[in-house]
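S.K.: Note that the protein sequences, when read in sequence, are chains A and B. In terms of the working numbering, the first sequence opens at residue 1 and continues consecutively. In terms of the working numbering, the second sequence opens at residue 1 and continues consecutively.
Hints are computed from structural coordinates only; laboratory data are not their basis. There is no bait here: all hints are sound.
Calculated pairs, PhoX-like style, for lysine-lysine (alpha carbon to alpha carbon, straight line, at most 25 Å): (1) Lys431/B - Lys412/B; (2) Lys470/B - Lys411/B; (3) Lys10/A - Lys431/B; (4) Lys250/B - Lys9/A; (5) Lys431/B - Lys9/A.
Where chain B lies over chain A, by a calculated footprint (3+ residues, C-beta under 8 Å): (6) 38 to 44; (7) 59 to 72.
Backbone N, C-alpha and C fix where the C-beta goes; we use that ideal spot for every residue, glycine too.
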Amino acid sequence: MNDITQQLKKIITTDLDVNVDETSLVGDIGLLEGGIGLDSIAVMELISIIEQTFGFEFSDDDLNMDAFQTLTTLSEFVTQKVSALKI
Amino acid sequence: MTFITLLDQLQGSELVKQPCLGDTETQIAYTDLADYFDVLESYFLKHDIKVTDCIAFECANTTAALIVLLALFYRGQHFLLLPSEGNALKEPGFKPCIPAFCDIHLTVNGLNSASGCKPETLVKGMNSYHNPLFNQVAYQRLGFSEPKILLRTSGSMGDAKMVVFTHDKLLANAQNCVSRFDLNEDSRVTLAVPIFHLYGLGAGLIPALIAGAFIDLQADTNILRFMDHQRRFKPNVVYLNPTLCAMLVKMRRKSQQPFKQTISAGAALATTLHQQYQTYFGTLTNLYGSTEMGAAATTTNEQTTSLYPMSGVEITIDDNKRLYCSHSYGFNGYINSQGEAVAISILPYATGDIAKPLDKDCFELIAREANSCNRAGFLVQFNDIEHVLLDIDAIIQVLVLNSDEETLRGKKLYAFCQLDYGFTYTENQAKLIRQVCFNELPRYAVPDEIILRQSLPLLANGKIDRQALKQSITA
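When you get a sec, could you build the whole thing from the sequences and use the hints?
M.R.: Following this line, the structure appears as structure tokens:
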């Protein structure tokens with residue numbers, strides 16, 4: 001598991017007010033309804049913590065369901081954004 | 001106007017030929033409705049579903065459910081509107097809770113862009129089941145003389161009684177909203193609230209239909225899905241819950257365009273937040289109403305806390321500031337699952353809310369119904385949470401209350417728990433109790449804090465001293 005995935009996992013399980021433990025949060029489990037069930041408020045908190053932790057801002061177009069489907073898709077999205085910062 | 005004349009008018013409308021009703025996956029034009037209604041009528045005949053039967057219809061914010069809902073209004077059907085149970089019906093052993101007066105339980109699958117949106121596809125996704133609990137006596141108690149719609153009281157997680165509305169009164173109630181919200185055929189309306197509740201149905205969907213507006217239904221609303229919809233559909237009128245309004249303010253992005261009108265119901269936003277919302281997103285109208293009264297009053301652009309009654313609404317506030325409401329187009333009464341009338345005086349309707357009168361026939365809400373509060377757009381009854389907590393072996397006494405402290409979900413919720421002999425008062429114990437709440441309650445009803453006490457203060461009559469506990473959290 002890469003470092004960004006690990007960090008995201010920690011953010012979701014410890015920084016958000018949700019009832020999810022690290023063992024159940026595997027890569028392909030859904031983050032929203034049908035998965036671990038993050039609601040809008042948890043998603044907003046997650047966005048804010050990701051922006052602070054990784055130092056980039058979500059654009060309007062970034063705020064879509066695709067990036068937040070699973071831990072893996074979110075990790076891929078954040079990796080892409082962090083890489084773009086380094087260019 | 002009746003639903004028949006309204007829907008006939010829309011079907012014959014030459015104004016809008018392009019798709020104008022639907023969800024993200026599929027849309028249809030008003031002029032297509034006639035074909036769907038014909039096919040649905042054949043379905044009802046084939047399954048021997050008579051207009052005089054009372055149907056329990058599971059509804060969702062989908063194109064398919066919307067078409068069936070409109071067909072039920074069109075044929076003057078008696079029906080109970082229920083939220084969709086989704087896939088739960090397919091699970092072995094799952095028994096939907098359908099009242100004894102409903103003979104038929106009707107569901108419809110959503111349509112997707114792959115399967116297409118044709119009348120035949122819609123019918124293929126329909127299922128009707130006979131209700132094993134159906135009871136002819138319960139049905140006869142209803143004494144239907146004119147078409148009626150039944151709705152569960154909103155928000156409550158307990159055994160809700162059902163509210164009875166005639167189709168005509170529901171329509172008249174909705175007509176009030178058309179002018180108040182300035183809806184017309186140029187309106188592009190996003191309904192991000194469920195159409196199986198009176199807010200989404202009576203204040204949103206039906207007024208938008210009367211106006212001949214474009215209608216975009218959004219199911220399972222969350223902030224990401226809403227922003228997706230907004231980019232695609234470009235609404236100028238949006239129906240949101242207060243939590244989503246607050247989140248839009250907090251997540252505001254520079255490129256977001258204001259709406260012509262936002263309608264929100266439930267707990268009003270704090271004044272500053274309301275003003276911020278209006279600065280960024282345009283007029284925000286807060287709607288005051290209930291399943292019983294429908295749309296009863298709204299704020300205006302300038303007055304963010306004063307509520308102005310709708311036409312036909314008479315507001316009375318007694319010496320104890322209790323708010324009563326009489327509505328010419330309000331509900332007919334309550335019934336229980338056996339079809340028995342629940343004896344409660346309905347005129348004037350005791351809202352349970354506390355208010356103060358203001359000038360020019362308007363009023364301001366001071367507090368919502370006792371022992372409940374509105375969170376994330378839902379009415380949370382504290383005794384529903386207390387029942388869940390009392391089912392936990394460790395807990396012998398419990399009291400839930402809210403503070404005035406605002407969270408994004410609404411007022412902060414506290415659960416005070418007294419544990420049984422032998423259980424330890426630790427932080428971990430409180431955490432375990434809260435985990436049960438996460439599993440048993442909707443997220444908006446999960447207490448923000450569990451406070452364990454060796455004993456709870458009592459009044460002389462033996463009841464838990466709510467005020468003393470409330471003071472302990474404000475101190």
